[in-house]
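*Asks:* Make the full structure from the sequences, and use the hints.
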Amino acid sequence: MSKSQSQNIAHENAINHVTGNSVFINDILSNTQTLIGRVVYSKYAHAKILSYDISEAKKLKGVSAILTYKDIPGKNNFGPIVHDELCLAEDEVIFIGQAIFLIAAETEEICIEAEKLITIEYEKLDAIVDLETAIKKNNLIAPERKIEVGQAEVTFSKSKNKIEGRLYVGGQEHWYLETQSSLAITGENNEIIVHSSSQNPTETQILVAEVLGIQSKDVVVEVKRMGGAFGGKETQANHVACWSALLANHTKRPVKIHLFRDDDQKITGKRHRFIIDYKASYENNGKIDSVIVELNSDAGSATDLSMSILERSMLHADNSYFVPNMKIIGKAFKTNLPSNTAFRGFGGPQGMAAIETIIDRIARALKKDAAEIRFINYYGINKNNTTPYGQLIEYNQLQKIHEQILIKSEYLKRRKEVDSFNSENEFFKKGLAITPVKFGISFTTAFLNQAGALVHIYKDGSVQVNHGGTEMGQGLHTKIKQIAAAELGINIEKISIASTNTSKVPNTSPTAASSGTDINGMAVKNAMKKLKLRIAEIVLADFNSQNAKVISKIEDIIFENDQILDSKNPERKISFEDAVMKSYFGQVSLSATGFYKTPEIFFDRATGKGKPFHYFAYGMSVSEVIIDILTGYQKIIRTDIIHDAGKSINERIDLGQIEGGFVQGLGWCTTEELKYDKEGNLLNHSPDTYKIPSANDIPEIFNVELLKDAPNPNTIRQSKAIGEPPLMLAFSVWLAIKDAISAVGNHKIEPDFSLPATNEVILLSIENILSDMKK
Amino acid sequence: MKIFNKISFILGDEPIEIDFSKSELKPTTTVLNFLRSYPNFKGVKEGCGEGDCGACTIVLAELNENNKLHYYAVDSCLVFLPMIHGKQVLTVEHLAQKNGKETILHPVQKAIIENDATQCGYCTPGFAMSMFALYKNKFNPTKEIVIDSLAGNLCRCTGYKPLINAAIEACSNKTSDQFQIAENKTVLQLQKISEVQLPIIIEKNQQFFAKVFSLSDALKLKKLNPEAIFIGGATDTALRVTKKHEVIPSIIDISSIQNIKYFREEENYFVIGSGISLEDLKNKTENYLPAVHHILKVFGSKQIRNLATLGGNLGSASPIGDTLPMLIAHEAVIIVKSLQATRRIPINSFIKSYRKTAIQNSEIITEISVPIPDKESIIKSYKVSKRKDLDISTVSACFNLKFSKNKTVEKIILAFGGMAATPVKANSAEAYLIGKKWELENIKIAMELISKEFEPISDARASKEFRIISSKNLLLKFFNDLKMGEI
Ligand SMILES: Cc1cc2nc3c(=O)[nH]c(=O)nc-3n(C[C@H](O)[C@H](O)[C@H](O)COP(=O)(O)OP(=O)(O)OC[C@H]3O[C@@H](n4cnc5c(N)ncnc54)[C@H](O)[C@@H]3O)c2cc1C
Ligand code: FES
Ligand code: FES
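Respectively, the protein sequence lines represent chains A and B. Here the first sequence stands for residues 1 to 775, numbered as in my numbering. Here the second sequence stands for residues 776 to 1262, numbered as in my numbering.
Quick caveat, the hints were computed from the structure, so don't treat them as lab data. Do not rely on the hints blindly, as some may be mistaken.
Stretch-level coverage of chain B by chain A, calculated; a stretch enters the list once three of its residues show a Cβ under 8 Å from a Cβ in chain A [to be verified]:
#1 818 to 825
#2 837 to 851
#3 878 to 886
#4 892 to 898
#5 969 to 979
#6 1237 to 1251
For lysine-lysine, the following DSBU-like pairs were computed, each having C-alpha atoms within a straight-line distance of at most 35 Å [what the hints assert, rightly or not]:
#7 A:Lys774 - B:Lys1211
#8 A:Lys708 - B:Lys918
#9 B:Lys1227 - A:Lys678
#10 B:Lys1219 - B:Lys1177
#11 B:Lys885 - A:Lys224
#12 B:Lys1018 - A:Lys116
#13 A:Lys43 - B:Lys1018
#14 A:Lys416 - B:Lys1258
#15 B:Lys1127 - A:Lys775
#16 B:Lys1182 - A:Lys774
#17 A:Lys408 - B:Lys885
#18 A:Lys708 - A:Lys287
#19 A:Lys529 - A:Lys708
#20 B:Lys1219 - A:Lys635
#21 A:Lys459 - B:Lys1258
#22 A:Lys494 - B:Lys873
#23 A:Lys252 - B:Lys801
#24 B:Lys1239 - A:Lys774
#25 B:Lys1127 - A:Lys43
#26 A:Lys635 - B:Lys1150
#27 B:Lys1019 - A:Lys675
#28 B:Lys1177 - A:Lys774
#29 A:Lys224 - B:Lys873
#30 A:Lys124 - B:Lys1239
#31 B:Lys1112 - B:Lys1072
#32 B:Lys1177 - A:Lys408
#33 A:Lys136 - B:Lys1177
#34 A:Lys678 - B:Lys1200
#35 A:Lys748 - A:Lys400
#36 B:Lys1239 - A:Lys748
#37 A:Lys582 - A:Lys525
#38 B:Lys801 - A:Lys59
#39 A:Lys266 - A:Lys678
#40 B:Lys1019 - A:Lys266
A quick note: this is a predicted structure, and the numbers were derived from the prediction, not measured. For every residue, glycine included, the Cβ atom is placed at its ideal position computed from N, Cα and C.
*Replies:* Structural data, given as structure tokens:
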């Protein structure tokens, strides 16, 4: 196999990463004129700004500018879909962390000095800083949504086996290692270049243009790479980009903003926390016959992507299970907190948490193993295979993965071992759980499912590929490089992926919804197709001119091993380089754009029906944990995962996405807790108290493999999207913890449980069980 | 005799001298910011500025007693520039070697690539340096040791498995690297710097910073600058600069006083120099003071423990300082010195109130002396925190128990952290248990007493209820551990 076809190459930037040569925005060597920007933000969740004084700060030596909303030349608002966010607060602030002033100064220290000299007089107003109050006050941010199938209410009320409850699901801080950053450099007239750590350069470009009051054509946004993003830079990188652009435009000097960690954690939105009310009924064997869920999400102070996220949670409220009668209500509430935003899974995890809880409770009520209840409720292959929103499930892999993982994880044997351990141990309990993931791939906002590419072949035969996707560590550029190399049949070393740049590929969609490779890969492929045809025609003419008796045909021309040849007459061949030169002299364009849109996707929000997803990705995991019932300490003994990546383009990268996604999900399910005080201050605003997993928190035994022989029809190289789905595999840990807690009461008492299951949640839940048992 | 405004160290193999009077740098500029101010040292990253993420990890090498190099990882965001005087500083930029156009990667770098242990790359330089420090210190480390060495670095992308594998792989087939080849030269360079051991005084923009090499210099300078604070590892103090943006007016850096870095046995005591790093103390107590060793294993991270000192943990007198309950349970005595006198302060009267100690302005902590526990004493320490590693305690405890001949409790100390404004003892439970049989019934009553004894707070870490339940449960845990013969 030639290097171009090789599946499993390392991350294309790995060498730069390990040597420290990779350039992030804060590392760009800008000139000595560069100023540091800083944002001054609200200390109140809701208040009137009565007056302020920035005059002393302005006088400080080294301060170049202090801007207020009055200094914004364009529109003072942004927001990705609904423009309901101010770039800088005017006379009222609506969350702690809301930007009021911008400072540009020679150094960060001077910025901090200047900030201390600014005074603001506030009048505190009533604020809603918790979701429960928002729900009570019905403070909806947009009309509620509904998806319904069958007769859920009627079925529920008639059924004799019922459960109901309320589930609290916490938010999550992205904790990308690289905080939000941007460097803006002005040019002639209105021109401005913004180096942004953004998943969505086109939107960043549009918003920079809007706040500056100029047109998109004057703004170039460039994204080399991000130090992690996870959805946190899908819309919220825009703020920092616009702030640096405003300061640069005002001072006519380059301005860099690199948020300090605490500021980043306080200012930016998180994964939405949810309060979910659920009701479900089931048959005697555990088959679900109705589910009614009300998904209430905390949107924060502005719409941002909240409605799309809510929609995705509604579309995942079924997870992998066929529910004949289901009613899903979705509500997003406005609170005085930073606007919550995209985060790997995009609402899917919250939606799934409820149905996973329902299954778990049914199993406990029936005194059966939850694995069994899951299995009988999975979507079927030929029947019971339509989702509540009417999409037919094709190429279902659930049964197959379930069977494989039970064997691989020795589930049944270990279930017995866990039970006997629990009967012998009073103070330590073990828990075991299997959970499935079925995750819909595509943007549910149908028009976003488009991508562009621009490919240049240079005279020396080297190739530069531009596409609309951004690299945030997920290996998108590596996969695109592989796709490009395979399409052109050339050595991968001849290809480079350029920084994502709005002047190369316009009007792109965010790199999100796990769709990066799917859509950009296709766009690159389509560009390659054009180029290959052009080159093939030249080559063909050349071949046929050599010997008129043998006629080569265009459809037989193939690109392989750095050569172009006639597959029927393999002695007719030319090196890729020579063909490129011939094409150049033949006055053929060696640059082409490519475009792709995902076929047949639609979703009608009014009826709640459609085919919102191109396909589904599947996976399952089995986790075993042990808990210390005296301290709430938990440890993951073992996790097994089988995940469906279709026909993987790069197994090494896909395994990395699965492991990383799982561990991120594990953090969300266990230690990552966001607490606010009554005033709306985030208490966990630094890694001192906000605890993402560390090396010691991952499963002691951690077996991950890809589902074999599972090509995905109709996608780039028959692969499947991989970014988001694995995060939800972590539910196996969450429910294994619940299983262990449940063992304290011999599985007779339904434990109080919420997400994340911190040591505190675990310990308090155990206390309740113990006191119930005394009664 | 003093040296003014100048410090010297080796950056890679290059000797560097900084003259503060001629540069923009301040004595409280962190090594992170200093390095990043160089165009070609952008590999050192800032991820948090508070010692919690490890993105800024660098490796320092210093001479040990045998004039060999001791390599250790630190968070450069917590190190003030003058603290690296006399040391070799290594960053990710130093790991690979250039051979003409070819780059020869260090084994740890190769292992990271081969194991797919880098995705976005932002954490990678820090991990590479933690692994490099491990590589220099351990051959074929166990998984536990590897995890301990990496627990001070956060990665949000990879899920750690490939990082752990990379470290194991790199350290299992070691070859001599360029640093080993250059060791003799580096040793000579460092010896040359440390020939002169005169106090270094940096005075600049209303900031005073003194680096001293002897206790007497420290005390003399303290007398002249009564408002000065001492820094041992600065892991507490640096946060005032990086997070609170304070300008600390006056600092005396005692991190280079070699003769306060010891752990040894003297008659009936283990005596511990206040300047010993907690990592060193952890290693040295393993066979002598297991409860101390146990709590230090989960203290901060390797990068933190390599800097932090016992004196600093006492000096910060935090209610959640992990060594304090342990010192209470061991009935330690704190030795403080001024130019005039030496005082021995029993630990119980050392902590006065919230973050206040009995040290007077003219005094410095020099030694902590721990009575050698008699064979019958059972001492065990516990830490409850949200995350296993690199997390400040929610509740911590150290218990010391001794039975009389008739199997009743002769003596018991139940010391807790995180339950009040200072580390405290559960007096009523202690009093109750004295003379009682060590039986579940009595333990349960003592647990009730513990739960009534304290009024802890609810905060970002946990609720009051959680603290109360876990504090009383720790006693039961102690009881169980004893029954299981785990002690
Ligand atoms: C990321 C991180 C994790 C941490 N984890 C933990 C943890 O798990 N458990 C825990 O208890 N703490 C933890 N800490 C807090 C801190 O590391 C410890 O308190 C440490 O022991 C402080 O030691 P130091 O030498 O670095 O202190 P320094 O900052 O040098 O000094 C702290 C204080 O003590 C005074 N002082 C220092 N030495 C002396 C002396 N010889 N005589 C008199 N006064 C002196 C100083 O003047 C100062 O007021 C953590 C800190 C960080 C940043
Ligand atoms: S920057 Fe996070 S530990 Fe130093
Ligand atoms: S590779 Fe992105 S944080 Fe580790």
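*Asks:* Check whether the Cα positions of Lys43 of chain A and Lys1018 of chain B lie no farther apart than 35 Å.
*Replies:* Holds: Lys43 of chain A and Lys1018 of chain B sit about 17 Å apart, inside 35 Å.
*Asks:* Under the criterion that the straight-line Cα-Cα distance not exceed 35 Å, is the pair Lys1019 of chain B, Lys675 of chain A satisfied?
*Replies:* This hinted pair holds, its Cα atoms lying about 21 Å apart.
*Asks:* Is the straight-line distance between the alpha-carbon of Lys885 of chain B and that of Lys224 of chain A 35 Å or less?
*Replies:* holds, 24 Å
*Asks:* In terms of beta carbon proximity below 8 Å, does the segment 878 to 886 of chain B have 3 or more residues touching chain A?
*Replies:* holds (count 3)
*Asks:* For the pair supplied as a hint, Lys494 of chain A and Lys873 of chain B, is the alpha-carbon distance within the 35 Å limit?
*Replies:* Within the cut-off at roughly 23 Å; holds.
*Asks:* Given the hinted pair Lys416 of chain A and Lys1258 of chain B, is their Cα-Cα distance within 35 Å?
*Replies:* holds, 27 Å
*Asks:* Hint check: Lys136 of chain A vs Lys1177 of chain B, CA-CA at most 35 Å. Holds or violated?
*Replies:* At roughly 57 Å apart (the allowed maximum being 35 Å), Lys1177 of chain B and Lys136 of chain A break the hint.
*Asks:* Has the given pair, Lys529 of chain A with Lys708 of chain A, been kept, meaning a C-alpha gap of at most 35 Å?
*Replies:* holds, 29 Å
*Asks:* If you draw a straight line from the CA of Lys1018 of chain B to the CA of Lys116 of chain A, is it 35 Å or shorter?
*Replies:* holds, 14 Å
*Asks:* Taking a Cβ-to-Cβ distance below 8 Å as contact, does the segment 837 to 851 of chain B have at least three residues touching chain A?
*Replies:* violated (count 0)
*Asks:* Hint check: Lys224 of chain A vs Lys873 of chain B, CA-CA at most 35 Å. Holds or violated?
*Replies:* The given pair, whose Cα atoms are some 25 Å apart, holds under the 35 Å limit.
*Asks:* Check whether the Cα positions of Lys582 of chain A and Lys525 of chain A lie no farther apart than 35 Å.
*Replies:* Distance ~22 Å between Lys582 of chain A and Lys525 of chain A Cα, so the pair holds.
Consistency with the previously given hints fails for numbers 2, 5, 15, 21, 32, 33, ordered from lowest to highest.
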